[in-house]
Amino acid sequence: MKCLGLILMMLINSAMAFAQVKKVAVVKILRGEVDVLTLGKTSKLKVQDWVEDGAVVKTGDKSFVKLVFLDKSQMNVGPNSEMKIEKFNGQDSGVIDLVKGKVRSQVSKDYLQIKDRDSSKLFIKTPNAVMGIRGTDFMISTNGKNTSAILFEGEVVFNKLEARGVTDSKRLEEMVDRGVRMYPGEFSVVEQDRIQPTVPALLNINQREVLEKNDTFDTRSPSSAGSEASQKSVIPEGLNGQIVGNNSSVLNQELSQVVGQDNTKQSVASSSVPEGYVAGDKVKPANGSFVHVESGVIIPPGGESVLDKNSNTYIAGPETGKVAADGSFVPPKNVEITNDGKIMVATFGTNGDKKITEIPKPIPIISYANNIGAPINPNPFNVPPKDAPLINPNDPAYKNSTGGVNSVNDAAQQIYNGAKLRNIIIDQ
Amino acid sequence: MSVEKLFWRLRDRMKFLLWPLIFALSLGVFAQDAKTELPDLSTNPIYKEAVSSYQAGKYQTTIDELKAVEIKISSTADKMNMGFLSYWKGVCYNRIQEYPLAIESFEKALGVDYRPEDIHYEYGQALFASEKLSEARLQFRESLKRKFKRAVSLYYIAYISKELGEKKKAVTFYRSIDKLDSSEAKEVQQAAEMQIGDIYLEQVEKHPDSFQAVENYVIPQYKRALNLNKESRLAFEIANKIRELEQKYDLVLLKLRNGRPTLVPAYFTRLALEVGSDSNVTFAPSEQKVAESKKRSLFTKTDFISRYTLYHEDFISFAPELRFNYTRYLNREPEIYRNDNYLIAPAFRTAYEHKMWNQPAATLFDYDYADAKRDINEREKLEFSFRSHTLMIGEKFNYFPWGESIVRLRHRVFDSFTDASDSKTTSLVFEQVRNFLTSTLLIYSSFDISRVKEDIYDTNSFTVRGDLLMARIRDWFSPSFGLGITRTNPFNDSVRGIEYMINPSARLTKAFDKNWRSSLKFDYQRNKSDDKENFDYEKYIYSFEVEYLF
Numbered sequence: 001m002k003c004l005g006l007i008l009m010m011l012i013n014s015a016m017a018f019a020q021v022k023k024v025a026v027v028k029i030l031r032g033e034v035d036v037l038t039l040g041k042t043s044k045l046k047v048q049d050w051v052e053d054g055a056v057v058k059t060g061d062k063s064f065v066k067l068v069f070l071d072k073s074q075m076n077v078g079p080n081s082e083m084k085i086e087k088f089n090g091q092d093s094g095v096i097d098l099v100k101g102k103v104r105s106q107v108s109k110d111y112l113q114i115k116d117r118d119s120s121k122l123f124i125k126t127p128n129a130v131m132g133i134r135g136t137d138f139m140i141s142t143n144g145k146n147t148s149a150i151l152f153e154g155e156v157v158f159n160k161l162e163a164r165g166v167t168d169s170k171r172l173e174e175m176v177d178r179g180v181r182m183y184p185g186e187f188s189v190v191e192q193d194r195i196q197p198t199v200p201a202l203l204n205i206n207q208r209e210v211l212e213k214n215d216t217f218d219t220r221s222p223s224s225a226g227s228e229a230s231q232k233s234v235i236p237e238g239l240n241g242q243i244v245g246n247n248s249s250v251l252n253q254e255l256s257q258v259v260g261q262d263n264t265k266q267s268v269a270s271s272s273v274p275e276g277y278v279a280g281d282k283v284k285p286a287n288g289s290f291v292h293v294e295s296g297v298i299i300p301p302g303g304e305s306v307l308d309k310n311s312n313t314y315i316a317g318p319e320t321g322k323v324a325a326d327g328s329f330v331p332p333k334n335v336e337i338t339n340d341g342k343i344m345v346a347t348f349g350t351n352g353d354k355k356i357t358e359i360p361k362p363i364p365i366i367s368y369a370n371n372i373g374a375p376i377n378p379n380p381f382n383v384p385p386k387d388a389p390l391i392n393p394n395d396p397a398y399k400n401s402t403g404g405v406n407s408v409n410d411a412a413q414q415i416y417n418g419a420k421l422r423n424i425i426i427d428q
Numbered sequence: 001m002s003v004e005k006l007f008w009r010l011r012d013r014m015k016f017l018l019w020p021l022i023f024a025l026s027l028g029v030f031a032q033d034a035k036t037e038l039p040d041l042s043t044n045p046i047y048k049e050a051v052s053s054y055q056a057g058k059y060q061t062t063i064d065e066l067k068a069v070e071i072k073i074s075s076t077a078d079k080m081n082m083g084f085l086s087y088w089k090g091v092c093y094n095r096i097q098e099y100p101l102a103i104e105s106f107e108k109a110l111g112v113d114y115r116p117e118d119i120h121y122e123y124g125q126a127l128f129a130s131e132k133l134s135e136a137r138l139q140f141r142e143s144l145k146r147k148f149k150r151a152v153s154l155y156y157i158a159y160i161s162k163e164l165g166e167k168k169k170a171v172t173f174y175r176s177i178d179k180l181d182s183s184e185a186k187e188v189q190q191a192a193e194m195q196i197g198d199i200y201l202e203q204v205e206k207h208p209d210s211f212q213a214v215e216n217y218v219i220p221q222y223k224r225a226l227n228l229n230k231e232s233r234l235a236f237e238i239a240n241k242i243r244e245l246e247q248k249y250d251l252v253l254l255k256l257r258n259g260r261p262t263l264v265p266a267y268f269t270r271l272a273l274e275v276g277s278d279s280n281v282t283f284a285p286s287e288q289k290v291a292e293s294k295k296r297s298l299f300t301k302t303d304f305i306s307r308y309t310l311y312h313e314d315f316i317s318f319a320p321e322l323r324f325n326y327t328r329y330l331n332r333e334p335e336i337y338r339n340d341n342y343l344i345a346p347a348f349r350t351a352y353e354h355k356m357w358n359q360p361a362a363t364l365f366d367y368d369y370a371d372a373k374r375d376i377n378e379r380e381k382l383e384f385s386f387r388s389h390t391l392m393i394g395e396k397f398n399y400f401p402w403g404e405s406i407v408r409l410r411h412r413v414f415d416s417f418t419d420a421s422d423s424k425t426t427s428l429v430f431e432q433v434r435n436f437l438t439s440t441l442l443i444y445s446s447f448d449i450s451r452v453k454e455d456i457y458d459t460n461s462f463t464v465r466g467d468l469l470m471a472r473i474r475d476w477f478s479p480s481f482g483l484g485i486t487r488t489n490p491f492n493d494s495v496r497g498i499e500y501m502i503n504p505s506a507r508l509t510k511a512f513d514k515n516w517r518s519s520l521k522f523d524y525q526r527n528k529s530d531d532k533e534n535f536d537y538e539k540y541i542y543s544f545e546v547e548y549l550f
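Those protein sequences? They're chains A and B, same order as listed. Here the first sequence is numbered in the numbering used here, starting from 1 and rising by one per residue. Here the second sequence is numbered in the numbering used here, starting from 1 and rising by one per residue.
Hints were generated in silico from the structure; no laboratory data involved. Incorrect hints may appear among the rest.
Which stretches of chain A does chain B cover? Using the computed rule of at least three CB atoms under 8 Å from a CB of chain B, they are [unchecked claim]: (1) 199-210; (2) 236-244.
Derived EDC-like pairs: lysine to aspartate or glutamate, alpha-carbon spacing no greater than 16 Å straight-line [stated by the list, open to error]: (3) A:K213 to B:D64; (4) A:K232 to B:E163; (5) B:K145 to B:E117; (6) B:K241 to A:E237.
These numbers were taken from a predicted model, which means no experiment stands behind them. Ideal Cβ positions, reconstructed from N, Cα and C, are used throughout, including at glycine.
Between the sequences and the hints, there should be enough to build the whole structure, so can you do that?
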């Protein structure tokens, strides 16, 4: 009798649980292997399947799923990703937890109109960041340690996640309000060892365009989007990209006739200080930096980059790397960036021996002295080894030293590392 | 032919080439700026999408949209519209670094005689990046004629000429940049002067007596470039080139024969101003009795030292030195102000560099002279107090892996204003440096035998002192701590007994930049003596010092 009672109670509980579950999104496109975990049960997803509130969607290698939510918002989950729909009821702000991988989202404008314009309509959390969606088209990616966000259209607010388990919209709103506000074309990265996201900066123009078009995470064309023939830098030795760059005023003047003077305002966010800066805890990467989406590593445009005044962005030279057809960053030969953010450089000895060493992340800025001459960081991967001694640029010994690129790089690296160290101390 | 002759010939030929070039350039400058009649686009809303993509920096999208426009209007468009489309596409291709496609587009635009002001510059850049250097040079010449980015266009022309092996032409074009308005020329002038230096170097480097030409022409040329802006990033590169050449051609001595680097810079000059409080003003050590005032006074002290090190070949250095300091007490009571003093101390230091235990070592020989004046008669007037001559012979060596050691034998002849205090002191000194990861320990020890004219003041003393200099803490200040102990045996004076002096000190230094730094200093002295009246005393000195290092 007791046993029967227990079974009955379990049945009632299950029925109640099922009654509470709500279908929130339907699978529209699917590639490869995609699993869904609902109420402890894992199943394979198929096109036209429904995904419920609280479900966890997991994609395999080279897999992808496009979910269309009840409010017509789209959530494209990239390969090797895990995403939990924590809350999506259409009445209140939704909460999505991206445990790992990447998501491209086009949020419905209807959904955006449910509240006042200055509050987030959807939150996407990662293990260390939170994004409040106030716009329409963006990508967010995390490797569990770092989170990068790229905005294509609309507006988002982005910040470090202060507490992992928060699902309350009010608290999440407070968190994102203290963060950075991003505009189209910009990116920001929350790194594990920094207390705040990077100040939004404009993404490399090629990477932005390719990523924007590749909303299904198509990795089938791994070849470079750029031409293989164009390998030489446009900058002659001794000059820099600011000096040789053409401000396109002739073309712009002509274009103003097309749309009239009043409409010639740049529609792209013109993030100030295109060279970027490191000021205390604030790191503003150079406009035109690449983002290694999988790891969140920022690669600044190198010394042979040219400032395009039209987009207020540096266009990186061939020494920095290029963009693959799927929008991912392809580092130069003999450099590899791992998904956990390590930069490995292969060097060859005189006898052909290959040595692979890890180098620190490049300082994500371009630094010129008086705008004359080549920049301080001529090659983003030409940084001193990790164990290089710290040099104080004010130290007379440093001033009297050879003063070459390495010394300056050391100093700049120290300032950058210093900002990082301070953050660690504050974090603790 | 000597290098010098070769050089002058090269320069003469350049002059010969210069006039036709200047003429050609002036033609360009005075030529009518052939402005292209640009198409009226206000009637072409078809471009609107492309304009908005272009302004958003979406160049690939712009190209795709322009291609669509091209197809739509191909049957009806006039040459100008097609030319404009091609030019616009060319600019976009340049931005996404698709240079072959950019070249194709610019060629199309020029093919229909569509020539906006910057087309030759953009086209030249695409050709340059595609390594079509001769064609690129032609385009930059056109850009120059149209007065578009003249300085940079000239630089490209010169640079390409150098790449093509036409070095004389390259120098002439680099020199032409000087003739432009400074507003135009300034951003490339330094790089151009550096490039001329590079060309000079290539010309003379393979010659057997090239060092003369390097010294007389190449380095002065680099210095000319450097002097245009010593703070620029390029200045670092130029200074490095100069330094490397000086090293390569033995024009400066950078390393001594035992591997020890020479001092750079060769001079050391320091000026320090100190303000402090002394709890118990004592006599300067020009008298044998240390009478204490038991009075506190504020004081100011000015200290200046300057030294210049000269090298003879790579093994002997000479360093003349001058030191001056002046101390004034602000408490104007006679027993205090009688300690006001100044000191002038010239010295001459020599070092013979050699190796010991296969490590750099140096034999030292120094002569120091000191002349001091003090208000000995309490008349608020500085009068002769003492003079001294000191000879020192020593050896600096690296026996321990953690730092340098110095052994010195020193003899000092001291002439005081009171004959009774005249003395001769012989000292044996041992100093050791101990380097740690973030700090340095300096150990000083000496045994001094002092023989005074009035032999009751004869002493033998032994001093040990350690100073720990620490690295900067939190990028803010550098602390250092010291402790000295001296045991003095006045063996002819039974009243005094064995004396012990304990002297701890501390210093917090903050460096503001490479020149300025300031310190807070603390010094405690306690001399224990059985002669309580004359030799037993205690004092504290607190002070603040500002230093300027030249």
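Output the indices of the hints that this structure fails to meet, ascending.
none
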